[in-house]
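Chemist: Generate the whole structure from the sequences, applying the supplied hints.
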Amino acid sequence: EPEVTQTPSHQVTQMGQEVILRCVPISNHLYFYWYRQILGQKVEFLVSFYNNEISEKSEIFDDQFSVERPDGSNFTLKIRSTKLEDSAMYFCASRSARGGTDTQYFGPGTRLTVL
Amino acid sequence: LAKTTQPISMDSYEGQEVNITCSHNNIATNDYITWYQQFPSQGPRFIIQGYKTKVTNEVASLFIPADRKSSTLSLPRVSLSDTAVYYCLVGGWDTGRRALTFGSGTRLQVQP
Numbered sequence: 050e051p052e053v054t055q056t057p058s059h060q061v062t063q064m065g066q067e068v069i070l071r072c073v074p075i076s077n078h079l080y081f082y083w084y085r086q087i088l089g090q091k092v093e094f095l096v097s098f099y100n101n102e103i104s105e106k107s108e109i110f111d112d113q114f115s116v117e118r119p120d121g122s123n124f125t126l127k128i129r130s131t132k133l134e135d136s137a138m139y140f141c142a143s144r145s146a147r148g149g150t151d152t153q154y155f156g157p158g159t160r161l162t163v164l
Numbered sequence: 020l021a022k023t024t025q026p027i028s029m030d031s032y033e034g035q036e037v038n039i040t041c042s043h044n045n046i047a048t049n050d051y052i053t054w055y056q057q058f059p060s061q062g063p064r065f066i067i068q069g070y071k072t073k074v075t076n077e078v079a080s081l082f083i084p085a086d087r088k089s090s091t092l093s094l095p096r097v098s099l100s101d102t103a104v105y106y107c108l109v110g111g112w113d114t115g116r117r118a119l120t121f122g123s124g125t126r127l128q129v130q131p
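Going line by line, the protein sequences match chains C and A.
In this text, residue positions in the first sequence follow this note's numbering: the first is 50, and each later residue adds one.
In this text, residue positions in the second sequence follow this note's numbering: the first is 20, and each later residue adds one.
Quick caveat, the hints were computed from the structure, so don't treat them as lab data.
Since we're looking at a predicted model, the values are computed, not measured.
Here a beta-carbon is modelled for each residue, glycine too, at the ideal position from N, C-alpha and C.
All clues stand as given, with none of them false.
A partial selection of chain A residues facing chain C, derived with a Cβ cut-off under 7 Å:
(1) Gln61
(2) Pro63
(3) Ala118
(4) Phe121
Here are the simulated BS3-like cross-link-like pairs (lysine-lysine), alpha carbons at most 30 Å apart as the crow flies:
(5) Lys127(C) with Lys91(C)
(6) Lys106(C) with Lys91(C)
(7) Lys106(C) with Lys88(A)
(8) Lys132(C) with Lys91(C)
(9) Lys22(A) with Lys91(C)
(10) Lys88(A) with Lys73(A)
(11) Lys91(C) with Lys71(A)
(12) Lys91(C) with Lys73(A)
(13) Lys22(A) with Lys106(C)
(14) Lys73(A) with Lys22(A)
(15) Lys106(C) with Lys132(C)
(16) Lys71(A) with Lys22(A)
(17) Lys88(A) with Lys22(A)
(18) Lys127(C) with Lys106(C)
(19) Lys71(A) with Lys88(A)
(20) Lys88(A) with Lys91(C)
Modeler: Below, the structure is given as structure tokens:
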């Protein structure tokens, strides 16, 4: 069964450093998403991406964040200057191009720890 | 998006049927009801989705009354591995841009 993959599984970084989280969505999907989950809290939407541009973003997704689809398979989330409060699990999700009720499929997540 | 309300936690024993009810009084006409499951340190996993009446798959059943203001996820004969957080989400999926809005979910603890 196709699945969303994410690398790395765990990233430790120093405050102020840049990090890039990588995702490989399911191959025939065209809608891509990033969510995050701070330990013990809700899953929060960050950004959605379609047709090489951001479709929607939340208040969390400020100028420190950016997304990119550099090639036909990868989808990345970059945090330019990490803060302690960026420590969380980051989940990538993808959805097929069909309309209607298609669901989002989530990756296993990247645990980001900012020291 | 319609707000959902579900119990914070539930306890059960192996082999029992578990029913988790979600209230969504403000559900819109084009909204679907979707349930996700999340294990610790893993991404949410789609379980089941429905619009009205009853939907069943190999994992669960979803019961939706005629007024659609609530829904019940039914897990038959749970096992220890069903211990997880279960999220009820309501939204119209007419556009692929729609982000998912997760609530706090229901933490199900299955004991031997």
